[in-house]
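K.L.:
In order, the protein sequence lines correspond to chains A and B. The opening position of the first sequence corresponds to residue 1 in this note's numbering, with each subsequent residue numbered one higher. The opening position of the second sequence corresponds to residue 1001 in this note's numbering, with each subsequent residue numbered one higher.
Just so you know, the hints here were simulated from the structure itself, not pulled from any lab data. No incorrect hints appear here.
Taking lysine-lysine and the DSBU-like style, the derived pairs with C-alpha atoms no more than 30 Å apart in a straight line are:
| hint | chain 1 | residue 1 | chain 2 | residue 2 |
| --- | --- | --- | --- | --- |
| 1 | A | Lys52 | A | Lys148 |
| 2 | B | Lys1022 | A | Lys148 |
| 3 | A | Lys173 | A | Lys148 |
| 4 | B | Lys1023 | A | Lys148 |
| 5 | A | Lys173 | B | Lys1084 |
| 6 | B | Lys1022 | A | Lys52 |
| 7 | A | Lys64 | A | Lys148 |
A partial selection of chain B residues facing chain A, derived with a Cβ cut-off under 10 Å:
| hint | residue |
| --- | --- |
| 8 | Met1012 |
| 9 | Thr1024 |
| 10 | Leu1031 |
| 11 | Leu1039 |
| 12 | Gly1048 |
| 13 | Trp1083 |
Using N, Cα and C, we set each Cβ at its ideal position, and we do this for glycine too.
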Amino acid sequence: MRGSFIILGFFVLGLLIGRLDLLYHGLNPDRISTWVIYLLMFLVGVGVGADKKALRALLTINLKIFWIPVGTIAGTLAGMAVLSLFIRQLSVAELMAIGSGFGYYSLSSVIITEMHSAELGVIALLSNVIREIITLLFAPLFMVLFGKLAPIAAGGATSMDTTLPVITQTSGKEFALMALFHGIVLSILVPFLVSFWLVI
Amino acid sequence: MLTIVLIMLAGMLVGYFLRGQKKTLHFNGRLTIITIWLLLFFLGLSIGNNDHIMQKLPELGVAALWVSVAGVTGSVLSAWLVWKFFFASKGGKA
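Excised from the complex, chain A in its bound form (with noise of 0.2 Å):
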């Protein structure tokens, strides 16, 4: 838990530095943030492929892995319909085309600003970053509540990078490969789903 706070303090104090415009202008942290994701998955990879029982994980892979991804996207739709009998301003289809960015907050801000506005593609980047953040922070709890699969499906199409370090530490090095699977099939989807709400 102390690990999650002091990753949210590491986020807050970009915000500030980046509202405070303390930062040399040349920087671009968005292309930063890109060569950091590479690292850090190359720094997973490491951890996954020195460990014995995640390769075992890849080799009894079947069918029932797919489920994974399936109850996460039920799961997050079903949330969307219920929430939507409680917000006014976002219609159904609006609030299903951000959900379905599944934490994915660069593509699915993108795809929802040009295909609809900056407004929504606004909420859905802020939306999907509090989910990668709710997971970064809770991913201990849903594992107590709702068992092994939570954290992943928490974590959504983040479950494959920026998530799994904490979803590997939670639920264990067993359910890597799990995540991985549950995040590459979703951030394949995110384009696809996202527009598909848009488009009806």
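Got chain A; can you put chain B on it based on the hints?
P.N.:
Structure of chain B alone, referenced to chain A:
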């Protein structure tokens, strides 16, 4: 997308050959955590830099928060069902 998967596979290959090297792997774990800190820092930086987002932040943030909470709640509930019906049943404990 593909780049990320390839980089991760490369890391897994390196990790495979580093098996048993406890000191290196411990360092890898520390470095992973520091990299997550960096990632969140730059994410904050990117949002803090965007005036349009920062001005509308309170209003849009509340809506966004509800969307996240609803999405995560639905997801963990369905994950619980998937766990119960497809994964936990084998061991006999649900």
